[in-house]
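There are 2 protein chains.
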Amino acid sequence: MEYVLPLQRLIEKFCTLRGVGYKTAVRYAFSVLDMDEQDAVEFAEAILSAKRDIHPCKICGNLSDSDSCSICSDNSRDRSVICVVEDSRAVTAIEKVKEYKGLYHVLNGVISPVNNIGPEQLRIKELLDRIGTGEVRELIIATNPNIEGETTAMYISKLVTPLNIKVTRLAYGVPVGADLEYADEMTLMRALDGRRQI
Amino acid sequence: MEYVLPLQRLIEKFCTLRGVGYKTAVRYAFSVLDMDEQDAVEFAEAILSAKRDIHPCKICGNLSDSDSCSICSDNSRDRSVICVVEDSRAVTAIEKVKEYKGLYHVLNGVISPVNNIGPEQLRIKELLDRIGTGEVRELIIATNPNIEGETTAMYISKLVTPLNIKVTRLAYGVPVGADLEYADEMTLMRALDGRRQI
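Sequence order for the protein chains is S and C. In this text, residue positions in the first sequence follow this note's numbering: the first is -2, and each later residue adds one. In this text, residue positions in the second sequence follow this note's numbering: the first is -2, and each later residue adds one.
Careful: at least some of the hints might be erroneous.
As the list makes no split between identical chains, a pair holds if one copy fits it or if it spans any two.
As the list claims (entries may be wrong) - Derived BS3-like pairs: lysine-lysine, alpha-carbon spacing no greater than 25 Å straight-line:
{"hint": "1", "residue 1": "K163", "residue 2": "K122"}
{"hint": "2", "residue 1": "K20", "residue 2": "K95"}
{"hint": "3", "residue 1": "K163", "residue 2": "K20"}
{"hint": "4", "residue 1": "K93", "residue 2": "K20"}
{"hint": "5", "residue 1": "K122", "residue 2": "K98"}
{"hint": "6", "residue 1": "K95", "residue 2": "K122"}
{"hint": "7", "residue 1": "K122", "residue 2": "K20"}
{"hint": "8", "residue 1": "K95", "residue 2": "K55"}
{"hint": "9", "residue 1": "K122", "residue 2": "K93"}
{"hint": "10", "residue 1": "K93", "residue 2": "K155"}
{"hint": "11", "residue 1": "K95", "residue 2": "K155"}
Honestly, the hints are just simulated from the structure, not real lab data.
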């Protein structure tokens, strides 16, 4: 053991965070030692509170500190459109654009045979229940643009299309500000495919 | 506010760690959400314990979870040599070498007029008290090899030399494995200065 026990334990805890190696964990642990007593107590309390007070929204599955999240309980939002995303990080990303006014549905993952995740582990049943209320007109599938996201999008689309609901997918194309020279072939092909008249 | 309040609070707490920006803090906060309840409780407890149970050793100032640190209370160590360092991280660095068998003295910083730190803010009085016991023969000054570390080394050396104590400084030179082409002039000059017969 390199450090005194309580410090070593803290270092090991920091190591469990995504992307934190040992040297970084040591730096963080020393940061904690340099904090005021009060700040450290607040830090510990923030960790406990995040685990204790954050629950998935009963309707959409987004992170929430009450029964239904701030988006689902906002009456000004368009209840006829649901944007289907993999996780609540995607909700935050789309909310930042301040353009979309519909609701969300968080799947909690994507279909991934490699990781042993099938449709029944995702919140797809809950999505069908929401569609069942008859309020929904359009489903925007915004899973990530990779094979698993695509598979999930196709799966949901096949389930939902017979219910007479419009299913759309985020547009593929070259990202704004990018250089065509460095765009991969698949992206360029999709951008050509999806070309629009100006 | 981008995230639900308890999450936002946790993100801000992570931002107070040294070298953590907002995006990294978000990643860490989501890592905490992904933890088991038990792991999160242990993490919070590790933070509180580090602040509560770690105190400076009464003798050398190194981090300790009891009155005197494991090095000071180790009777097999040579009590006639004290290695003077800036902080307890330096103690760990030197201990890793497993070569040095003397004691340490942690100054808690270096003399730095720019940051308004004078000798009276460092644990120099405590060092003189330890020397006063008559047990100490040699002081190895291992402050960092920069202007402030050098100034502090000179200051201590001037105080201690009249007490008939040998004062030494870590050797300067080219680091093992380095390329001479890229060594800075000051380091090369010091390496020439300190050359030894082979």
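For which of the previously enumerated hints does the structure constitute a violation, in increasing order of number? Violated hints: 3, 6, 7, 9, 10, 11; rest satisfied.
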